[in-house]
Structure formats: structure tokens, C-alpha cells
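Peer 1: Here is what each chain is made of, one letter per residue.
There are 2 protein chains.
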Amino acid sequence: MNDQVMQNFLIKRAFLTPDRPAIHFAGITYTFSEAYNRAHTIAGQLAGCGLKKGQYAGALLSNHVDTVFVYLACHLLGVKAVILNNRLTAAEIAWQMKDSQSAFLITESRFSSKYRELEETLPNITIINKEVLFESSVSPPLIVDEINLNEVCTIMYTSGTTGHPKGVLQTYGNHWWSAIGSALNLGLTEEDCWLCTVPLFHISGYSILMRSIIYGMKMVVLESFDEKEAINIIRNEKVTIMSVVSTMLTRMEEKLKEDKLPAQFRCMLLGGGPASKALLEKCQAKQIPVYQTYGMTETSSQIVTLSPEYSFSKLGSAGKALFPSQLKIVRTNGEKASPTEAGEILVKGPNVTKGYLNKKEETKSKIVDGWLSTGDIGYLDEEGFLYVLDRRSDLIISGGENVYPAEIEGILASHPAISDAGVIGLKDEQWGEVPAAFIVKRKEINEVDILQFCQQKLAKYKIPKKVMFIEEIPRNAAKKILRRELRKLLE
Amino acid sequence: MNDQVMQNFLIKRAFLTPDRPAIHFAGITYTFSEAYNRAHTIAGQLAGCGLKKGQYAGALLSNHVDTVFVYLACHLLGVKAVILNNRLTAAEIAWQMKDSQSAFLITESRFSSKYRELEETLPNITIINKEVLFESSVSPPLIVDEINLNEVCTIMYTSGTTGHPKGVLQTYGNHWWSAIGSALNLGLTEEDCWLCTVPLFHISGYSILMRSIIYGMKMVVLESFDEKEAINIIRNEKVTIMSVVSTMLTRMEEKLKEDKLPAQFRCMLLGGGPASKALLEKCQAKQIPVYQTYGMTETSSQIVTLSPEYSFSKLGSAGKALFPSQLKIVRTNGEKASPTEAGEILVKGPNVTKGYLNKKEETKSKIVDGWLSTGDIGYLDEEGFLYVLDRRSDLIISGGENVYPAEIEGILASHPAISDAGVIGLKDEQWGEVPAAFIVKRKEINEVDILQFCQQKLAKYKIPKKVMFIEEIPRNAAKKILRRELRKLLE
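Protein sequence lines, in the order shown, are assigned to chains A and B.
Note that UniProt numbering has the first sequence beginning at 1, numbered continuously upward.
Note that UniProt numbering has the second sequence beginning at 1, numbered continuously upward.
All clues given are correct.
Same chains, same names: a pair is fine if it fits in one copy or spans any two.
Capping the alpha-carbon separation at 30 Å, the derived lysine-lysine pairs in DSBU-like fashion look like this:
#1 Lys479 x Lys260
#2 Lys336 x Lys52
#3 Lys441 x Lys479
#4 Lys53 x Lys328
#5 Lys336 x Lys53
#6 Lys255 x Lys441
Honestly, the hints are just simulated from the structure, not real lab data.
Chain A with its partners taken away, still in its complex shape (with noise of 0.2 Å):
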């Protein structure tokens, strides 16, 4: 519990430093002030449609400056916005919708197929277009002036590899500790500008808008990532800190070719798994310094981060958890495992979800005395640096030894011929699994070429069994692999 009241974040940062730039997107910078102006008024046509404070509303918006003011005008009226992400089908939508008994659906004319799909199979549903909103009226809106931290504040769902999707409640009190956390570890300095190119809807990109609230810090948004793009705003915007994932990172390293990034650049904050140490090593060398991170939907972003100094001491390491967190490693008997012992990964910190909405066995199951089971393998090492082996639902098993995907991954990517690679367990009659590896290629390679790199940097048992040359691996918006979609081509 975190029964803390504090003012209303957007309200006291308009407050404490209302002519900072807040926001920047397509040419135009606005205030925290204007951030405040813009976002009051929407929360008057929100108010206006019959939003009230406690309830949830569905959010299915594109990256977009918009969709930074609906946000902030839902928690001016103190409603819980169910972020949606808009790659979901209008089914998958409709499921969420349900899921949170939420009663309206903010949205905008590029998703209009499947808002009106969602309209046949959910007639009750108000669905309330942004373009028509931000010509209606404007009723006074009930303002909530303070907040209680533990207070729900969003609902993102995870993933999840098998079953449903659950709703993972998200408190202000997870997003202000997230912030203060990061703040701790990263620094914090009036210059600082955070470039997000990773989706809104995604608490990568969620957890960029709270520190800019925080923190009273510039963020740029853009509609999407294009490492050219990225380069020129990080120069021309003065950008500090941008979130990644290794694909994002790998295609900036290479766009940037003798060039190096400004020197206000300071942090290239990369989540969605390790980086290859020859990635890095381009990375060391262009002074671009990577801060590499692990978290989750369930942490309201980074909960763990490896400062650029360990990069390669402590190569594939996601780091320590930072200051008001902690983690540890546990056996399948929930004993403490011993450094260097790999078990399923636990979170315990005020940036811990609460839980899993309506799903109160499940929660129970998942958090046992502030600790969150994440489901992911790792170990610390003696030093207590985190080492992230694989998503437990992942683990291939292979003649009873145990395969981590990722750890193969990281090979076939270190490879100079291959852009990307992704590794399930294929069904074997003598071995019960064997690793298969699909393989993106930058130059040409062949299967033996692959094969004999493999047998020179892993033990016989991790060599994929079978390797398939495709032209992308699928990803979710995350950029984590998606490993069913993989046991779909198998098939």
C-alpha cells in the first residue's frame, strides 16, 4: 500500500514550471501550461460525453501530441484509461473492452474499421471519436485536485503467451515511483529532453509522458521510429535520453556511420532483452552510451538497469534494481537460489502493480508478500548483477537439460551475415525438444556456415536442430519475439 495524497501531477507541475516546454511533436512545442490549457479543456468535452471520475475508459490512439493531452485529461477527471494497442484486432479489442467494463472508448478516425466492427459486437459502448471531441462543446469538468498514489491510474494489458490477456493495474503511485527511481539512477538536469518513439500505448512509451510531468522534462514524440528521423530530432531538439530495443538501436548505430550523436546525448536506454556485445561495441565505439534495462508491464517500465560502465564486465547483464526496488532468484521450492543459480525472477518495489483487475486468485497466486513472480529464468551473479536467461513459457527442455532461446539468439545475432534471429523448441523424438532457429539474413549465409558458428559458441545440446531463413521475425509492439507466430511457420 502507498496511501499517499499528493496534488494531481499535471496540475502542480502547470504550477511549478508552467513556461518549460512539455511536449514537442511535427514542428510544434508546448508548455506545461499549454499541456494543462489543452488537456482542461478536453477533460470539459470528456465530462461533457458523461466521463466521471472512477471510471474506465478504453484509449485507441495512435503516438500522436492528442493522445499526451486525452491521457492527461483523464487524470484531471480522475478516470482509468484501459490503453489499448492499436495493432490489436477489433476482436482482440472488444475482449479488453469487456474485460474492463469500460463504457467508452476514446478513439480517431484511423482506427474507424474497427471502432465500427467493436460498435456491432459492443452496442453499449459510447465511442467517442477525438475529431468530433475536440469540436464539441466544453461542460466545467470536476477537476480532481489531489490523488491518493495508490489510486488506479491505467490499465495496460500483458501479452501473455498462452490464455487471455489480464488487465495490469497500473497506480499513480507505480508511475511516480517508476520515475523517481529512474530519476535516481539516471540523474535528472533541467537540459534533459526524452525522445519517444516507442508506442504510447506500450509503458515504454506511457512511462516517457509521467517523467516529463515529474520531472518537469521535454519529450518528443514521434508517430513512429525511423532511425533517420530519430537521429535529426535527437540533433535538432537537443534530446538526452531516448528508450530503445536492440532492433531500434542496431538500425541508429548503423544510419549513424562515422557520425557520432551530439554530445548532450547521455542515455540510450534499451529494454526488450540484452544487446549483442558486437552491437555494443559499435555502440562504445560512436560514444553512445547504453543503458541496459529489464522490466515489464507489471514494474510500470525499468525496474532493473546496467549503468554504461558494466557494459561489457558484465556483458548480457540487465543490472541492479534500482533504489526503492529490490529482486531476487528462487528455486521451484520458492527457496532463495544461490548466485550464480539460475530460478524464476521476483520483483518486489512501489512500482510493482497491485495487481490483476477482477482477477483476484490470480493476483494472489502472482503476488505473495509484495513479491511479483514475473515467470521470467535469470540469476544474479556473485556480485548480484542480473542475468535475464528467458521467459519461463519459453524454456525449451532438451534431453533434461534446460535451452534459453534468448542465449541462442544472442549468438545467430552476433553474426555479421545475420540482421536477426529468433529460436522456439521444435518437438523431437529422442530429446523431447531441440532448438530450431529462424534466421534473418544481412549478407549471404548458408545453414552449414550458421551450424559451424554455432558449434564454435555453444554446447552441443543449445545448436539449433533445424534453421529456416525468413524475412522478419514477428515482434509485438514491444519488440519481443513472438514465439507462437514462429511455431505458426513451423507448422
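Chain A is fixed; fit chain B onto it per the hints.
Peer 2: Only chain B this time, still in chain A's reference frame:
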């Protein structure tokens, strides 16, 4: 309530950044790992004396690195430290020891005359002399690995202008949120280093220690303030931030002559009342960035801060409440005052004390719905900047008009021939009370000159009716004027 569990701050910090410099004292720098080891050893020695989690222990110590280690040892043991002002008489110390029911007093030889007297009046108290303690055997201490932010960390007695002092409960959460509020305002970089020349037994000094642990920042401790030594150590130890009161800042500014502080120095955090315009102008000329603040023991240091960019446009203001905190001005009937209308200052936030030790009734009357009545008088301007007028108990009421001593002192101190000034109320047949001024001269000046100067600056009823010249204005450890001492001089 701030019922949040976290790892013990020192344990976490020593784990995260063991090799970073933590404390510099008398030419020696200790890393966080070394600080942890020293504190752990002392915790073992204190455990050997019988100290246990949850107990209260008095600490009568000087500004010294050992004091830092003793305080941190108390954190490790979960002992609540009653931090004693070492300028107190034995009788005053005895009162605080009895009030807090402390069974132990951790002290050092230089205070032997005080603690010997104490041994006679309170024979049941165990006196622990640090010089003896540090030579004693080490018992394995029972370390508190996790703390709850709601637990009491320290007790500090407020001086109080009337009656007995009250023990202010400062929780781990109070200290934590104070540090976070400050970081969100001042920023935080890996190069930061905070100079502590104020007493460690005062919240201004103790809060620097807490920031050091929470931020992973070096603190430099001096035994006492000396302007030459302070300037030298800012240069040699690359200090970036220093806590001062006006008199210290005046002396440093004068000492600097034509020099400037090095470029890395970024913040002079000024507490204990507003600075004169003359001082601010001189500081500006020497590029000393002054952040004016308002705070008290009950708020675990600053709660309101003014950035340098507002130094002149908001001259005399203490600024706005830090991000996690709120403030309001109320009339005597409890209603919110209008902008520019003076009233009592009320503050709220997670850094505000939960009350006074063993004083339920006083706590209830001082803290209502989380709002602490400070007893101080001030107003907010149209933009919400706070102007502190005076301590309520020092208010002079003259012919029905309110006269605020601090205002007159500010005017007097701005005269080039006056180095310091103190004002109190003097009983008067006609007006009830009239202001009387005590002056410390810088150059030759007489009463007529001073009154002429005041006539240009102050309404008639505010002009001192009596002017006395003295050698020094009596101030407490926090450099607040001891008006009752001035009153004695008058008698």
C-alpha cells in the same frame, strides 16, 4: 500514512554503488562500501551495549565523520536516534532524554562535562562514549534489512519560543520524500557533491546525509563553518551544492572579493529567512546561484524553494512548495486567504512529520487532515509564490497594525554600514507595542542616520522607536534570531 516497504537505505546504496565516494572529512574520503562497513561494525558494538531495534537513543555528537557512521549504525539497527543539539546545557539534554525515554546516550569526550552532570541527574541512563565504544568488541548485530517508510528514523526537538521543546517525529519516509522533492527541484547529477558546514544535529545537516545515501552523492563535512575553509573545500573537493543561512552567505561573498566560485558550483541553498536585496545583488555579480528556501524540523528541511531566476522578480519570496508537497495560507477562522492576504502558513506532504513524541493532543491540534499549522505568517502573491512575514509568536502588534520584525530586519541589514540586525517588540503605553532594533555595525553609523534611512523605506509605525548597538545578534544553531535573548538585553 506512507506505508511502503523498502530496503534499508544504506544497505541498498552500498550494494548499488559501493565504490562511489560517500563522505569526505578531514582530508579522507570514504566510499559507500566503506561507510557501510564502518556503520556495520559500530552497529555491532552498539548491539554489544544492549541497543536494539525500536529503542530510543540520544546522540550528543559533534560535526564529525564518526557522527555520520553512528547515525547510519542506528539505521542498520532500527534504533530511533534522538538527535541532540550539542549547544544545550546538561539540564536541557536531561529534559529531552527523559521526554523521549531514551535509555542510552551516545556521545564523545568533548562533551564529558555535560554527560557527567547528566549521569548524576539520570543515573539509569547508559552513557556510551564513542572513543570507548570504537575500541569495544563487536557483537553480531541484528541488521534491519527492510524498513517501512512509516517508521520513525530520528527525533529532533524544536527550540520553541515558549514552553518545553517538543520531539518532532521524523520517519524514513519524511527524509526520503524530502530528498526526492529536493532532487526534482534542483536536479541530480553524478558530479554532485554537497558541502555540510551546518550542524549534523540540525535537520539542515542531517538532511544532507540522507540525500547522500539516497542519491549516491558525496557529502563533505566540516566541523564548523569558516568562510575561507568553505571556499577552499568547494574548489578542492569540487562541491556543487552548499546549505547556508544569510550570515554565512554574507561572509563567503565578502571573502570571495574579486574571485568567483568554480564553474561546477551550482547551488547555494539558503535557509533561515529571506536574504537582503543587497546580498542577492552581490551574489549575482559573483555568479553565486542562490536558491532561497523555507522549511523547518517538522518538514525534514526545505519544503518551499525559490529558483535563482526569480531571485529579483520575486525578491523576498521563499518560492513554491516542492513537487510532493502543498501549502496554503489561512485566516484565523480557518478559511483560505485571498492572494496577497497574510495569514498562517499551513503545509502538507509526505515530508511533513506525523506528529510530536508522546504529545497526542498537541499533534491533533497542529496537524488536521494532513495539514500542519506552522505558526508562521505569510502570504501568496497572485502567482502563488510564498512570502514569509514572520513567526506568529514574534508578531508585534502596534496600534492595531501588524508589524513583522523580519521585514524591518531586512531593511536594516540592507544598509551598507549595518552588518546584522534584530528586532523585537517593546511595551509601550500609547501603542501597546513598538518595534525596537538591535544593530551590529559594519562601519560607523548613529541612530539618527538609521532612522532617516528607515523613514525612506518603512511606514511610520514600523520604524524602530529604540535603537541599540551590540556586538552580535544572538542566534541559535540554525542561525535563527533568539528574540528572547534580545528581550533579556532590553531588560
